[in-house]
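Read off the chains here:
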Amino acid sequence: MSDDTAGHRRQRVHPARVVLHTFLIVISLAWLFPMAWALFNSFRDYGYTLQHGYLSFGGFTLDNYVDAWERGGFANSFWNSAVITVTAVVATLILSSCAAFVLARYSFRFNLGMLAVFVAANLLPPQSLLIPVYRMFRAVELPYWLSSSGSLLDSHLGVIIINVAFQTGFCTFVLSNYIKTLPKEIYESAMLDGASVWTQFAGLTVPLLRPPLAALATLQTAWIYNEFFWATVLMQSGDKFPVTSSLNNLKGSFFTDYNLLSAGSIIAALPVLAVFFILQKQFVAGLTLGATKG
Amino acid sequence: MSKITTRPRRDRSVLLSRTDRVVLGLMLGIPLIVVAGLVWGPALVTVALSLTSWDGIGGLSDIQWVGARNYVDLATIYPPFWPALWHNILWLLVLFLVFTPLGMLLAVFLDKELRATRFYQTALYLPVVLSAALVGFIWQLMYSRDQGLINALFGTSIDWYGDSTINLWAAMIANGWRHTGYIMLLYLSGLKGIDPSLREAAAIDGASQTKTYLQIIFPVMRPINIIVLTITFIEGLRAFDLAWIINRGRNGLELISTLVTTNVVGEASRIGFGSALATIMLLISSIFIVIQLRVVLKGER
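Taken in order, these protein sequences are the chains called A and B. Note that the numbering used here has the first sequence beginning at 1, numbered continuously upward. Note that the numbering used here has the second sequence beginning at 1, numbered continuously upward.
Be aware that one or more of the hints could be misleading.
Pulled a few chain A residues facing chain B out of the computed Cβ check, cut under 7 Å [to be verified]:
{"id": "1", "residue": "98"}
{"id": "2", "residue": "198"}
{"id": "3", "residue": "200"}
{"id": "4", "residue": "202"}
{"id": "5", "residue": "206"}
In silico SDA-like links for lysine to any residue, alpha-carbon gap of 25 Å or less [claimed, not checked]:
{"id": "6", "chain 1": "B", "residue 1": "192", "chain 2": "A", "residue 2": "14"}
{"id": "7", "chain 1": "B", "residue 1": "211", "chain 2": "A", "residue 2": "22"}
{"id": "8", "chain 1": "A", "residue 1": "180", "chain 2": "B", "residue 2": "23"}
{"id": "9", "chain 1": "A", "residue 1": "184", "chain 2": "B", "residue 2": "16"}
{"id": "10", "chain 1": "B", "residue 1": "192", "chain 2": "A", "residue 2": "285"}
{"id": "11", "chain 1": "A", "residue 1": "180", "chain 2": "B", "residue 2": "221"}
{"id": "12", "chain 1": "B", "residue 1": "192", "chain 2": "A", "residue 2": "25"}
Restraint-style ranges between C-beta atoms, simulated for each label pair [as the list claims (entries may be wrong)]:
{"id": "13", "chain 1": "A", "residue 1": "273", "chain 2": "B", "residue 2": "97", "range": "22 to 32 Å"}
{"id": "14", "chain 1": "B", "residue 1": "208", "chain 2": "A", "residue 2": "60", "range": "47 to 57 Å"}
{"id": "15", "chain 1": "B", "residue 1": "101", "chain 2": "A", "residue 2": "181", "range": "30 to 40 Å"}
Just so you know, the hints here were simulated from the structure itself, not pulled from any lab data. From a predicted model like this one, the values you see are computed outputs, not experimental measurements. Cβ atoms here follow ideal geometry from the backbone N, Cα and C, with glycine treated the same way.
Chain A extracted, bound-state conformation (with noise of 0.2 Å):
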């Protein structure tokens, strides 16, 4: 909160001010409007809303949420989610420190054009990698104990790869900017030692890192927890969609009742709300790094 006594103390009562003012509180409530307003329903019997209109107060209840819980198989929806998302979301972070450590910190003859392969990746419509990918996933064989359909395709492991393949890039973006900016000498002396490439990787680089990996962890958590487009094509199975494309097969059975929806779409929306009001500034940072260059 900047809202001191510094700024306080220029002005008085501007009339400009006044309207800026009002201006900033009516589009704020605004924005906040279509999830406070789902909120509210959320909370509300639909035989109520039914008989007197959404324009009435009252009727109040908590059964929708058990009810949109249960009906929605979000128990195992947030499973499918928590496995894809952890899982994507450290592979990505190892793969992309990995690969931002030896671009920041070794030169190649193809160090530009090797950095903007990665970040490139991050950029493309995914749509347009859809027909081969899906038949690579399809003709992929795995043991049942890894997948259920016995092919990538279908399965965990294949959502995850490939959200892996589409963050690493940013990440390494992000990362390698970051480490170009730690001081030379701390390598300098730790190469005097004799450490080699990989303890000036894992014992050096990687604790150093900790700024941006934390902002990078919240972003690509709520970016693969958001994930829609991916899950969607290459599952096929009901109960492996995790929450966010899950949310295409709800549509039938929550769209009659829309007390029902709104419980749904606050249940679905918990996991990254919380991530926004528990770590904005982690978020906040994340969302800028890669534009503002670290």
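Fit chain B to the given chain A structure using the hints.
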């Protein structure tokens, strides 16, 4: 810089032991294989497949080269193509002319030392954390014909998501709700990095606030401007989730991305045809990717 530093760097590689080199190779090689194998490889295969006719069922030996036929068919005998392209363009224009400027304007307002600025910021970028699919869900509560808020307020009975003449606009507003906060956030962080002396100098010269922003501050933020521009374009091109969750991209909500998906996972799997659509997406996005790369990789040389 590169020319001067080549030599010492080459010397340093001499110091690397064999193990170190293997470690370095693996550290870069594995991520590279993942990205190349799952992103770049498939992208190239898509381009190749777009020149073939293949139903996707038979083996690879059934592939027949047909040259540009898929593209000609797209433009001439595939009814959803032009509407989808037009929808993508509209989607972009609305982002670009309405929601991106709104985000910029809000960033300028919030950059001042205001009371409750934290509240305003939080409210505006709250939708950014939500998935586009969930945004579609939440706005359903506004848009529904029978139980939606808009119709209840105005006594109308418009099916905002269903009516093919307006559902694109309804989707674009829901999408803008999410996009604005993101743009605001990017500009806000850019504005924080502006040298305060720049504003002071402008103030001393007697430049008005508007003039200062338009003629001095926004031009200084050129890299962010370009990134926002390319993000807007790439997001516009990749728009998929919202249309898919509403009605699988049909009946007024056709987008190039949904056509690709329908052609591949739908009942009629027309691989060559879908690939031609996907290649068009690739080509358009590559323009903006190149622009983006030029900005973000600047100074790496």
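**Request:** Run the structure past the numbered hints and jot down the numbers of the failing ones, going up.
**Result:** 3, 4, 5
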